[in-house]
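Starting from the known structure of chain A, arrange chain B on it as the hints suggest.
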Amino acid sequence: DVKVTQSSRYLVKRTGEKVFLECVQDMDHENMFWYRQDPGLGLRLIYFSYDVKMKEKGDIPEGYSVSREKKERFSLILESASTNQTSMYLCASSFTSGSTDTQYFGPGTRLTVL
Amino acid sequence: GQSLEQPSEVTAVEGAIVQINCTYQTSGFYGLSWYQQHDGGAPTFLSYNALDGLEETGRFSSFLSRSDSYGYLLLQELQMKDSASYFCAVSLYSGAGSYQLTFGKGTKLSVIP
Chain A
63 DVKVTQSSRY
73 LVKRTGEKVF
83 LECVQDMDHE
93 NMFWYRQDPG
103 LGLRLIYFSY
113 DVKMKEKGDI
123 PEGYSVSREK
133 KERFSLILES
143 ASTNQTSMYL
153 CASSFTSGST
163 DTQYFGPGTR
173 LTVL
Chain B
471 GQSLEQPSEV
481 TAVEGAIVQI
491 NCTYQTSGFY
501 GLSWYQQHDG
511 GAPTFLSYNA
521 LDGLEETGRF
531 SSFLSRSDSY
541 GYLLLQELQM
551 KDSASYFCAV
561 SLYSGAGSYQ
571 LTFGKGTKLS
581 VIP
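Chains A and B supply the protein sequences, listed in that same order. Mapped onto my numbering, the consecutive letters of the first sequence carry residue numbers 63 to 176. Mapped onto my numbering, the consecutive letters of the second sequence carry residue numbers 471 to 583.
Extracted from the complex, chain A is given alone in its bound form (with noise of 0.2 angstroms):
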């Protein structure tokens, strides 16, 4: 079974600091995504990479980078983390088949931004 794992289920932070999220895959995927959740707007898509060192923006890539080190590992940053980051977080990996990526997804990160 593929396995998603995040570092935290429930982060709190304050306002203005440095927050890391990480994320590990156990399938030797190549991609890896995060998104937010927030009720009403479903996931939306942050960033994503598709290789060791590559990045691409999603559609919400304001106030948030990315690091991939390695294959497996997946980090999301937040610079200086502002009340309206309060949100779900979910990491995911994929590898690629036919036309669409099967997307798995970790257990998400609930952070809340004081």
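It should be emphasised that the hints constitute simulated quantities derived from the structure, not laboratory data. Just to be clear, a hint being listed does not mean it is correct.
[What the hints assert, rightly or not] Now the stretches of chain B that chain A is said to cover, found in silico as 3 or more residues with beta-carbon under 8 angstroms:
| id | region |
| --- | --- |
| 1 | 487-498 |
| 2 | 535-548 |
[Unchecked claim] Covered stretches of chain A, as calculated for chain B (at least 3 residues, CB under 8 angstroms):
| id | region |
| --- | --- |
| 3 | 82-96 |
| 4 | 114-127 |
| 5 | 133-145 |
| 6 | 168-175 |
For each residue, glycine too, the CB sits at the ideal point set by N, CA and C.
Same frame as chain A, but now just chain B:
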């Protein structure tokens, strides 16, 4: 840009059939996926349609009409455990042989006795 529309909520009776529709507007469309998410859980993959027609997986079926930019998820013999949110997502080519998904806002399905 891309946009997907799906109903926000649907309620159905246990044992019945329910259909969740999804319409989309996008460029570079490759296919339509469906994901299920239980409260407090992670989204999990249900099905994918690249071509027009119906795909069946057990009690779940998914349909796509590319000419109408429309798809649906059909759940039969509903069970209480099917109560969850269901997301449609379009596959878009992101380069380097990989694809990204753009998700709809989700449909919350409530199954009642």
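(message) Check the structure against each numbered hint from earlier and tell me which ones fail, lowest number first.
(response) Structure breaks hints 1, 2, 5.
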